Amino acid sequence: MQRVLTVCPHCGAGCGLYLLVDRGEAIGVMPSAGHPVSRGTLCMRGWTSFQHLRRPERLEFPQIRLNGTLTRVPWDDALTFLVEGLERVRLEHTGGAIGLWASGRLTNEELLLLRRIASEGLHTNAVRFDSSLHGVDRIPAAFLEGPKAARLEDIQAADLLVILGHGLEEHHPQVASRLLKAMDQGTRGIVISPRRDLLAKPATLHLQVAYPDEVVLGLTSGRAGSPESLRRPWDDAKSRVLVYPLKSLPLLRELHLLGALESLAAEDGTKVLLLFPRANSRGAFRQRLESPQLGGPELQALLVVEEDPATWSPACRQMLHGLGFLVVQDLFLTETAELAHVVLPSASFAEKGGTFTNTEGREQHLRPAVLPPGEARPGWAFLAELARRLGVRNVGSTLEELRHAMTLQQRTPVPAARSEEPVAVAEGHSSLKHVPDRLGWMWLRDTVLRHTDDWQREHQDQWIEMHPEDAKQFGLRPGWMVRVTGEDGEFLARARVSDRVARGILVTPYDLLEGPVQLERAT
Amino acid sequence: MDASTIAGRVQVIQKDAVPPWVAAMMAQASVIGPHQDPDGDPQLSSLSSADELDLAYTHDLLPPTRHLLPPTEVLFRFQGGDGLRLIPEYDERRRIFFGIRSCDVKGIRYQEQFFRRDFPDIYFLTRLENATLVSLACPAPPLPTCFCPCCDGGPVLKPGEGHDIQLTPLQGRYLVEVDSETGASLVARAPELFRDATSADLAEREEMLSEIDQRFSTTAYLSRGISKVTNDAVPEEVWEELAERCIHCGGCAYLCPFCTCFTVSDRSRDGQQGERFRRWDHCILAGFTREASGHNPRDRKCEQFKRRFFHKLSYQYMQREGRPGCVGCGRCLTTCMTAVDMAAVLMRFRELGRKPKWGPPWAAKPKTSP
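Protein chains in written order, with my numbering: chain A, 517 to 1039; chain B, 1436 to 1805.
FYI, nobody ran anything at the bench for these hints, they're computed from the structure.
All values reported here derive from a predicted model rather than from experimental measurement.
Do not take every clue at face value.
What follows is a list of derived Cβ distance ranges for each label pair [stated by the list, open to error]: (1) K754/A with D1587/B: 39 to 49 Å; (2) F1511/B with G1005/A: 40 to 50 Å; (3) K754/A with S1483/B: 50 to 60 Å; (4) A658/A with D1587/B: 17 to 27 Å; (5) S745/A with D1734/B: 47 to 57 Å; (6) R539/A with R1704/B: 41 to 51 Å; (7) G785/A with D1734/B: 38 to 48 Å; (8) R973/A with Q1449/B: 49 to 59 Å; (9) E1596/B with E576/A: 28 to 38 Å; (10) R539/A with Q1649/B: 41 to 51 Å; (11) R1010/A with D1648/B: 51 to 61 Å.
C-beta atoms are modelled at their ideal positions from N, C-alpha and C, and glycine is treated no differently.
All chains should be modelled from the sequences, with the hints used to inform the complete structure.
Below, the structure written as structure tokens:
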């Protein structure tokens, strides 16, 4: 049994883990005790991160759609078909007809290749990198680099921890673990969240509100609106760390909160720790191109890499149905891949090299530990070949060459991403404040986790959570299946009834239902 | 000097003679020994050269039992069609575990007892029968998380405790206690490297043993924990309080040298041919006990958490296993994300402030503390 040190492919923390390899197969993982992030620990996602590798439904061969059915073809034929398809769309339509959609699970090298394919090969700006951060057009630079940007070690050193948002133990377990242990040691903590979670108990103060941004905004604007209980510990502390997991709030509120944090962080001794959702969300954000056009009526063709937009929303699914040419590279036949004209098998994190940038900005290397199944190829190898065929020059054919290109690229300024029109944030149900657990939704839809045995066994149901009194008012009992209907669609979930959420708050794992929602028992 | 004259004798080997000894073993078996991963952690895994061996290592987070009960293993392959054919897979590779800690030897022997009982587990036992255990006594705790003296887990093994050879570090040399024929045959591979122990060697060991108590922490309060759990003297609120913190990562079970749980699944592309494999599992997960109907007899987090500690600490299990289910290796202290590891739980029980009361679970229940 050999061990190969690599990086966990799931959240932005970037835990160092060893893949345990026996006779060419990854049979398990273990945390690295010496790694500065994991320090001997892994969450369930990390511990089960090898379980998707040998699933029989892994994609192994390139396929193209012939007479309506996906048919296995050699790589070379698939690439020829793909390039011809894209060229055809490019000739027949104007700019913006071809889009690229990439996940925050791709390595920096793969994202760079996608950028170059977009700008030098396809001449399109209809690109979406890491849809988990969709709509976040600007993150204050001070939170990423410099004295105001907190690192994980700062949690232990701080006098006061201010935690904005709920569910950290589910969505960011490594960070939650450090916050918990710091508070166990006596560090004061203020948790501002809609639900009484793991971190609320050891905290000195838990302000239970539906939307933390409202309290923080009060704290900044002359402090008149902020409660005394919050202000005093804030004033007493010499060093403070504000922790915000991106995607914890509805988008518009999140954008407001980031602005408010900027003025709060201006105070002496205050640092901000932003938690990026996916393994390489931060890398994707640095290189990002995000176009509001993506998904508009002019879109004719789309290249999707390790992302599953079909599960995003009914509208998105509709958009994919209408495309003339859809290409998907992924590990599994996702709902999006089922609609595609070209489906390409990709290598998993354990089967490729490259780098991820973690939530603190730490650049970490993935190491290939096992061979990909069948003819699956690492994303970078496929994208480099595609770039060459689309006429991009000096692509490089090894990871080393790609990395060299990256260091050159860093000197050229990144074009500013264009912001979207703000979407209206409704207050939810007439009597319940609706808190969408957007990160929960992201993990629920995660392609790799959907094919991870133990994770699936433990997360069979979607949940909505409400206070017992509210459940009584709506005539719902614990464990019942509930149909949640909103303007953007509907979904089924089980009712979890607990006093962890305050009265008047409804937590659902659905990202897009921001308007009023109807609840009824599903029979 | 042949194997039959070595068994039971105490020998001495100089530190610099150890690599040649290990090199002689490597000709016949895979030697799993401590070495430093240049990019990462100290670890116990197959040595590619005897020079890599680093007996001054601290600890491997992965217990050596995971070589005998791997995280995932194929049990058999199957082929359908005209008639079902089952092709079992046994791992008969020879392994020499060199320099493992006393606590891990106890873990391996505990698992052996488990896998021999009722239904002998041929997969585990085949690996074990091809394994030789050379343990390394700890004169001082390798890590601050160690608490083996409280759990009868070490730091030194007595004859008959399951090792083939025990090495005890002395000044510039190791005392070599041979405890089995297999162990004797290892010494017989390079007899010129050994000499008989003198009274001076033995006196040095005695002195080391006498100092051990001061060097190791003996405050894990295991016996009090056993008493509390056995007598059902842990109030429900305390279990709730502890269980609430657990985030079900599974690390404590995966890294525990005692834990034996696994789950069995099949893997097949076409339903015609494929393989049946088992993979590590753990009792704190809800899916571990969920029945096919959807009913779960241990549905609540608290019950799942309690289950783990009940198995490790209750007298009911001690009667069957002959010992508590913990060797004090301290791995769960390192890997627990929310500090509800064995030591933390025992400390919490101690705070309940009751005198230890030994006895079987059917004994009169003491009054619950407030």
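Tested hints:
1. K754/A with D1587/B: 39 to 49 Å: 47 Å, holds
2. F1511/B with G1005/A: 40 to 50 Å: Once the Cβ atoms are compared, 46 Å apart, the range 40 to 50 Å for G1005/A and F1511/B holds.
3. K754/A with S1483/B: 50 to 60 Å: Roughly 51 Å apart at Cβ, these two residues keep to the hinted range, so it holds.
4. A658/A with D1587/B: 17 to 27 Å: 55 Å, violated
5. S745/A with D1734/B: 47 to 57 Å: 37 Å, violated
6. R539/A with R1704/B: 41 to 51 Å: 20 Å, violated
7. G785/A with D1734/B: 38 to 48 Å: 46 Å, holds
8. R973/A with Q1449/B: 49 to 59 Å: 53 Å, holds
9. E1596/B with E576/A: 28 to 38 Å: 49 Å, violated
10. R539/A with Q1649/B: 41 to 51 Å: About 46 Å separates the Cβ atoms of R539/A and Q1649/B, which means 41 to 51 Å holds.
11. R1010/A with D1648/B: 51 to 61 Å: 54 Å, holds
Consistency note: the structure conflicts with the earlier hints numbered 4, 5, 6, 9.
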